[in-house]
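Visitor: What follows is each chain in one-letter form.
Protein chains: 4
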Amino acid sequence: MTVRFGLLGAGRIGKVHAKAVTGNPDAVLVAVADAFPAAADAIARQYGCEVRTIEAIEAAKDIDAVVICTPTDTHADLIERFSRAGKAIFCEKPIDLDVERVKACMKVVDETKGKLMVGFNRRFDPHFMAVRQAIDDGRIGDVEMVTITSRDPGAPLVDYIKRSGGIFRDMTIHDFDMARFLLGEEVVSVSATAAVLVDPEIGKAGDYDSVSVILQTKSGKQAVISNSRRATYGYDQRIEVHGSKGMVSAENQRPVSIEVANGDGYTRPPLHDFFMTRYTEAYANEIAAFIAAIEKGATISPSGADGLAALALADAAVTSVEEKRQISVA
Amino acid sequence: MTVRFGLLGAGRIGKVHAKAVTGNPDAVLVAVADAFPAAADAIARQYGCEVRTIEAIEAAKDIDAVVICTPTDTHADLIERFSRAGKAIFCEKPIDLDVERVKACMKVVDETKGKLMVGFNRRFDPHFMAVRQAIDDGRIGDVEMVTITSRDPGAPLVDYIKRSGGIFRDMTIHDFDMARFLLGEEVVSVSATAAVLVDPEIGKAGDYDSVSVILQTKSGKQAVISNSRRATYGYDQRIEVHGSKGMVSAENQRPVSIEVANGDGYTRPPLHDFFMTRYTEAYANEIAAFIAAIEKGATISPSGADGLAALALADAAVTSVEEKRQISVA
Amino acid sequence: MTVRFGLLGAGRIGKVHAKAVTGNPDAVLVAVADAFPAAADAIARQYGCEVRTIEAIEAAKDIDAVVICTPTDTHADLIERFSRAGKAIFCEKPIDLDVERVKACMKVVDETKGKLMVGFNRRFDPHFMAVRQAIDDGRIGDVEMVTITSRDPGAPLVDYIKRSGGIFRDMTIHDFDMARFLLGEEVVSVSATAAVLVDPEIGKAGDYDSVSVILQTKSGKQAVISNSRRATYGYDQRIEVHGSKGMVSAENQRPVSIEVANGDGYTRPPLHDFFMTRYTEAYANEIAAFIAAIEKGATISPSGADGLAALALADAAVTSVEEKRQISVA
Amino acid sequence: MTVRFGLLGAGRIGKVHAKAVTGNPDAVLVAVADAFPAAADAIARQYGCEVRTIEAIEAAKDIDAVVICTPTDTHADLIERFSRAGKAIFCEKPIDLDVERVKACMKVVDETKGKLMVGFNRRFDPHFMAVRQAIDDGRIGDVEMVTITSRDPGAPLVDYIKRSGGIFRDMTIHDFDMARFLLGEEVVSVSATAAVLVDPEIGKAGDYDSVSVILQTKSGKQAVISNSRRATYGYDQRIEVHGSKGMVSAENQRPVSIEVANGDGYTRPPLHDFFMTRYTEAYANEIAAFIAAIEKGATISPSGADGLAALALADAAVTSVEEKRQISVA
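Chains as they are written, first to last, in full-length UniProt numbering: chain A, 1 to 330; chain B, 1 to 330; chain C, 1 to 330; chain D, 1 to 330.
Mixed in with the good hints, there may be bad ones.
Given that identical chains are not distinguished, each listed pair holds provided it fits within a single copy or across any two copies.
Simulated pairs of lysine-lysine, DSBU-like, Cα-Cα distance not exceeding 30 Å [to be verified]:
hint	residue 1	residue 2
1	LYS19	LYS296
2	LYS15	LYS113
3	LYS245	LYS113
4	LYS218	LYS204
5	LYS61	LYS204
6	LYS103	LYS245
To be clear, the hints were calculated from the coordinates, so they are not data collected in a lab.
When you get a sec, could you build the whole thing from the sequences and use the hints?
Guide: So, in structure tokens, the structure goes:
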């Protein structure tokens, strides 16, 4: 079976998914839609697909699934429309920045028996997948403590930050999902600390750029997250999981692995400087997983519920910083 | 000048300091005292010093300085006695498990213009010293965030735990001191999470074995500490410090650095399995720093105030866990 | 400009190049030829190109360049035919196992002003390219000594070995080319030592499986090559280059970079176990370089002369082992 | 039992051994002799031993063993004298630069049933010992190929080089011994290549500064040695041993193991810059092994025969370079 795709949104992340879909032997990209015709045209030319309107894709008989890469504030509406249209849906995170809106959207997905996958791409990074596999294989025993280090090479534009929902909902949300993915038990409390250390403009925009979070599960397992909008040495993405029998960790990735030694010491190059080059394989893998789930009629993961859970942790972190206390989550 | 030493306490840690003193070209070990004559005799024989009573050492004209390695509950009294006797004092941490008792003790030290160094040996580990040096050299710019991983190879006996003051005052206290040493700014708030994941007996003794802590300074700098009483792979002691211009980290230490590669992968040996082999050089370096400070009449560091500050953070962490909130510290 | 390709040979390596050509935005795969129709059909179906005979490709007006992936003993003939037909030629190494045949072939290429690139793919590995770049950037000063470690995960079938020309012409030839690429000066002498340590059947087939080689240039620069047909831990491919000001090295590559730590130590997974996964990017990069050279009318490298030079070093190594002496090369 | 030592030679290496002897609980340093009274006095003062003449030490009833650290050209004579005097002898390498002189000396040792250990200290480096242990434990199966990288931080004075016997007898000799220690089978042939790349003055003195060597055993096992008198990044001392089941390697050592990351990449400090700091533990371990062998009446290793074998390989390497051929050794 070949899954026939429509792509909604032809921007930066839309291009990434266009490449992933067309590079997958079990998928074909049928059409692309974008508010900017030039953006849609570019993808259509490169991959030999059609340009259509969103309405046309919604109604199309020759399209089985859509990838939603439009602006965040359109996600929930589009999920509802395409769920009602019977299309399988891959939606970039987040579904929405508002928990209630997400819940309403998921209600529609449930009622229409929709198939929805949320784009937490890091679950599909080969290195993090191997971490999870090592846990599942029992190599470290019962998971006890998780440490996630996630630092961006540089802060986004303040304009972006203003629309982002804040660092916890925009950046840490990936780490909340990763913590849930690795802890194997739901988080019941959140303690967060936040500051503006990188750029005062971020503070003026009402956000933070440097945050630390402790998550805890019912049985006491803990995850510690350390985030910064600044890492001069590249895109710092590390995980370590401690268990009763041992520890498994994933190292950082760099474009080339050479080392130069001289009187100043031994120097390896900086890390990747962009999430798209760092997570190239993850993007291809997540679309492959989406396609495979559709083909086999299997459960789709990460689901809308996963998206909601991560957002709830982000909301709790915001409250924890404001109220200087640990916040319980349902 | 040669500094003439008396050693109070000839147990495990007393032996470490006896070796450090006798191996230092600017020091001589004159006498040792211990409640168990056999323990004192053993050190006297090995290093050619005398066995004396504590009273005799207190009164001795041929002794300039003492190293206090007796049980914790005697530390504050001995500091007061030897401060009054005009001896320079190196005291193993902690001064006492009770903040008020420490304050009273330090008052005596101040009144007698005593010289007191507290044994936070990790400040003298060559690798951690190099981390601090890199900061002082401006290699990472302004310090922003510190991550300290500190995991013991195994839990101590529950009997020990009962007398220890609890994990925050016994184990994390080293990390509180290290965080203060690296942050370069006083901590103003503590958020801690704790659980019993390793051994239920530890829980029955009223303590925890797995804890996570976030410290924050006035300007928003953060330190995250992750502690466990279990690390199957050895004594895990890592530090990383993120600054505005870069990051400096100290790797773990292992007794031998070989690697065996085969079909199972590439395997390096476990880490040191004991704090005394891990911190061999640190113990020698701290005594050397104590001696050098005495010789030059220089300020002694870490001081009693440093011991008090770390203990206050431990107390705050205990309260934070109990009250599920961030605790402010003066 | 788009370069229009014909593919000669649809076997294992032919598939690799089909993927590289079709994945390149400046190229199109027009036709494929193979003695086994099923093999050609498979590629035609997957990439939407035609199946043609070699003769038809030779005569085709819609084909600018060919990739030769047929058996080794057909390479020289095909190069001559397609050079006369005016096509740019990418030929898998080696041109031939016989130096005289290579020379005759290159004469035809010269006379017809042909464009010939020889498939020493490792020059296009991003890590080895970065090593070369570091040299070119002057980071290690003048090159003095090169060490190349190249060990296969396992020996090929003895049937293959019998047709291979022997380990020096089949396996070490890559390292001879790499040494030339890095030394920056022609090799003038070869000293080789060889043995059968892995599989006696290889010895019965008249070949070796474990060899060591020293190359030297006129000014005295040295390269040491260590080869084995066995590496239980994966495909071991390392380079280090020592210069007057420092050293640059390229580490091994592994599919996933996790580490599991427990009482047995710290274990990372084995390396890639297959040259095609190890050198995925190198294959794409070399075809891209071929296409770029055609488009710009630039000099093609590595050239037929590079193929010849590496083969001459292999021949000298064979003689060195047989005659137990250093062999001079022109 | 306590072994009573005399030290012959109070220079740089004499001091190292004085420290090793006095730091060993089973040994005592009784006397030191040196042609320069001030040098002997300094050691006598620091360690509380006597200054005596060589003759007095030879005749002394209170001395069981000597450590010979005098100039190379006195070693063979002193070994003969002290062997006749019935003292156990630890002699710094080499016994002599002339094979015949070494043989004559060993004849005297044999006739007098002397106990002689030769100072190939690297066999006692904890990391190299662990490599050997991994082999002995069967972790890599049968040894097949050994790679030894040994590069000095900088060249010695040309005056030293003139007296040194040349790079093969002065520097590579350590690697010849290490190869023998690891191969587990006697070497039967030597192929060497040499050049002057570091300093023309070394060439004028008749020596080389950059050499590559292949050793082979009867069964075909190979060891490759790469030496240079220059390594800007510190004292480069690495070993890897490949066997039928896997590989074991020993990494380089550095004084501190921190890493600084910034826009230029990840930088670790240079290696040790001096053999004495690199091999501190090795020196203590070899004296401990000597003492233990004396106490237990055990066979002493490395023996005079080991010294002779390494020297014979150095001689063969010299001939190999001169005659441009592989040299057989008995």
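Visitor: Taking the hints in turn, state whether each one holds.
Guide: Here's how the hints hold up against the structure:
1. LYS19 with LYS296: Cα proximity of LYS19 and LYS296: in one copy and across copies (23 Å, 27 Å).
2. LYS15 with LYS113: within (29 Å within a copy, 41 Å between copies)
3. LYS245 with LYS113: neither (41 Å within a copy, 51 Å between copies)
4. LYS218 with LYS204: between (37 Å within a copy, 18 Å between copies)
5. LYS61 with LYS204: Neither way: LYS61 and LYS204 sit 49 Å apart in one copy and 65 Å across, limit 30 Å.
6. LYS103 with LYS245: Neither. Shortest intra-copy (39 Å) and inter-copy (42 Å) distances fail the 30 Å Cα cut-off.
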